[in-house]
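**Q** Make a model of the complete structure from these sequences and hints.
Heads up: the sequence lines are chains A and B, in that order. Numbering of the first sequence is given in the numbering used here, commencing with residue 7 and proceeding in unit increments. Numbering of the second sequence is given in the numbering used here, commencing with residue 7 and proceeding in unit increments.
Hints are computed from structural coordinates only; laboratory data are not their basis. It is possible that some hints are incorrect.
[Unchecked claim] Computed list of lysine-lysine pairs in DSBU-like fashion (alpha-carbon distance at most 35 Å, straight line): (1) A/K96 / B/K24; (2) B/K10 / A/K83; (3) B/K83 / A/K68.
[To be verified] Quick look at which bits of chain A chain B covers, simulated, 3 or more residues with Cβ under 8 Å: (4) 22–33; (5) 51–65; (6) 91–97; (7) 102–108.
[Claimed, not checked] With beta-carbon atoms standing in for the labels, derived distance ranges: (8) A/S61 / B/S61: 28 to 38 Å; (9) B/P80 / A/N90: 41 to 51 Å; (10) A/E89 / B/T79: 48 to 58 Å; (11) B/R40 / A/K81: 41 to 51 Å; (12) B/F45 / A/S61: 16 to 26 Å; (13) B/E78 / A/F45: 50 to 60 Å; (14) A/A100 / B/F45: 33 to 43 Å; (15) B/S61 / A/A58: 32 to 42 Å.
Positions of the beta carbon are idealized from the N, C-alpha and C atoms, including for glycine.
Protein chains: 2
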Amino acid sequence: MANKNYTEEQERMARFAKAMGHPARMAILEFLLRQETCFFGDIHEELPIAKATVSQHLKELKEAGLIQGEIETPKVKYCINRENWELARKMFSAFFGQSVCKKESCCG
Amino acid sequence: MANKNYTEEQERMARFAKAMGHPARMAILEFLLRQETCFFGDIHEELPIAKATVSQHLKELKEAGLIQGEIETPKVKYCINRENWELARKMFSAFFGQSVCKKESCCG
DNA sequence: AATATTATTCGTAATTTTGCGAACAATATT
DNA sequence: AATATTGTTCGCAAAATTACGAATAATATT
Numbered sequence: 007m008a009n010k011n012y013t014e015e016q017e018r019m020a021r022f023a024k025a026m027g028h029p030a031r032m033a034i035l036e037f038l039l040r041q042e043t044c045f046f047g048d049i050h051e052e053l054p055i056a057k058a059t060v061s062q063h064l065k066e067l068k069e070a071g072l073i074q075g076e077i078e079t080p081k082v083k084y085c086i087n088r089e090n091w092e093l094a095r096k097m098f099s100a101f102f103g104q105s106v107c108k109k110e111s112c113c114g
Numbered sequence: 007m008a009n010k011n012y013t014e015e016q017e018r019m020a021r022f023a024k025a026m027g028h029p030a031r032m033a034i035l036e037f038l039l040r041q042e043t044c045f046f047g048d049i050h051e052e053l054p055i056a057k058a059t060v061s062q063h064l065k066e067l068k069e070a071g072l073i074q075g076e077i078e079t080p081k082v083k084y085c086i087n088r089e090n091w092e093l094a095r096k097m098f099s100a101f102f103g104q105s106v107c108k109k110e111s112c113c114g
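**A** In structure tokens:
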């Protein structure tokens with residue numbers, strides 16, 4: 007058991023990944039990427055869950071930095087947070103860009 | 007509230023993302039990618055948590071399909087599951103490859 | 001002023017996650 | 001046979017997640 011902590015990178019990427027770690031939130035992100043509309047009501051309509059729950063998932067995505075919301079009375083409009091989206095894109099891209107080592111000492 | 011369920015894709019990707027949604031598990035994956043060694047003990051040595059907890063995280067990564075383990079008595083060797091790794095790579099790549107819509111109706 | 005629309009917050013319940021130490025299993029070594 | 005080494009599993013506790021309906025807030029409309 008090392009004394010060592012996790013790196014900033016690991017913490018950050020885990021934060022993004024965790025936010026993506028629920029099908030409802032993946033569905034929301036995909037919806038916002040397609041971006042036909044982005045009002046709360048439209049998002050809710052797409053999902054098989056109660057509006058209170060949708061609101062909760064939106065909050066988590068927002069807190070993770072992947073989306074943002076703004077009020078357009080009486081509606082609320084949600085969108086991808088472009089800056090953090092780009093950051094996440096880069097991190098995941100770099101992560102999966104690593105080639106898996108092929109030493110014979112590895113399984114398979 | 008739609009009657010509609012989540013897609014297979016959404017479920018699958020959320021499963022991968024969830025597995026990556028903890029810094030300890032990100033650290034494990036990075037360690038296995040670097041692949042200096044891949045015995046349980048070496049992994050445990052890198053992390054600031056008890057071995058029981060490491061074992062638990064490894065189990066989750068295994069159940070999500072991202073890694074695999076095999077016994078090399080008296081040690082246990084863990085590795086990236088190449089097949090699913092490739093699948094995950096493709097899914098995340100496709101997901102982040104989508105360009106974010108730029109309609110003026112979107113925020114920002 | 002009363003009502004309707006839209007979405008968030010509150011209160012609650014059930015489940016899952018995270019983490020640990022202790023106990024256990026399985027094989028090697030003495 | 002006793003001991004050491006290596007990891008997993010068990011039992012438990014604390015915290016976080018997921019989900020819902022009801023209550024609330026904030027503005028528009030009648």
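**Q** Are the hints correct? Go through all of them and say.
**A** Each hint, compared with the structure:
Distance restraint check for A/K96 and B/K24: the Cα-Cα separation of roughly 19 Å lies within the 35 Å cut-off, and the hinted pair is therefore satisfied. The suggested pairing of B/K10 with A/K83 holds, with an alpha-carbon distance near 22 Å, which does not exceed 35 Å. As the CA atoms of B/K83 and A/K68 are separated by approximately 38 Å, the hinted pair breaks the 35 Å bound. Closer than 8 Å: that is the beta-carbon criterion, and the segment 22–33 of chain A has 11 residues meeting it against chain B, so the requirement of 3 holds.
Judged by the Cβ-Cβ criterion of 8 Å, the segment 51–65 of chain A is covered by chain B as claimed, because 7 of its residues qualify and three suffice. Here the segment 91–97 of chain A counts 3 residues with a CB under 8 Å from a CB of chain B, which clears the bar of 3, and the coverage holds. With 4 residues having a beta carbon nearer than 8 Å to a beta carbon of chain B, the segment 102–108 of chain A meets the requirement of three or more and the stated coverage holds. A C-beta distance of roughly 37 Å is found between A/S61 and B/S61, which places it inside the suggested range of 28 to 38 Å.
Remark: the range hint 41 to 51 Å for B/P80 to A/N90 is upheld by a beta-carbon distance near 45 Å. For the pair A/E89 and B/T79, the supplied restraint of 48 to 58 Å holds, since their beta-carbon distance comes to about 50 Å. Range check, B/R40 to A/K81: about 48 Å between beta-carbon atoms, so the 41 to 51 Å window is met. The hinted window of 16 to 26 Å between B/F45 and A/S61 is violated, with their beta carbons roughly 45 Å apart.
In this structure the supplied range 50 to 60 Å holds for B/E78 paired with A/F45, their Cβ-Cβ distance being about 56 Å. Between A/A100 and B/F45 the beta carbon distance is about 26 Å. The supplied range of 33 to 43 Å is therefore violated. Roughly 37 Å separates the CB atoms of B/S61 and A/A58, a value that falls within the hinted 32 to 42 Å.
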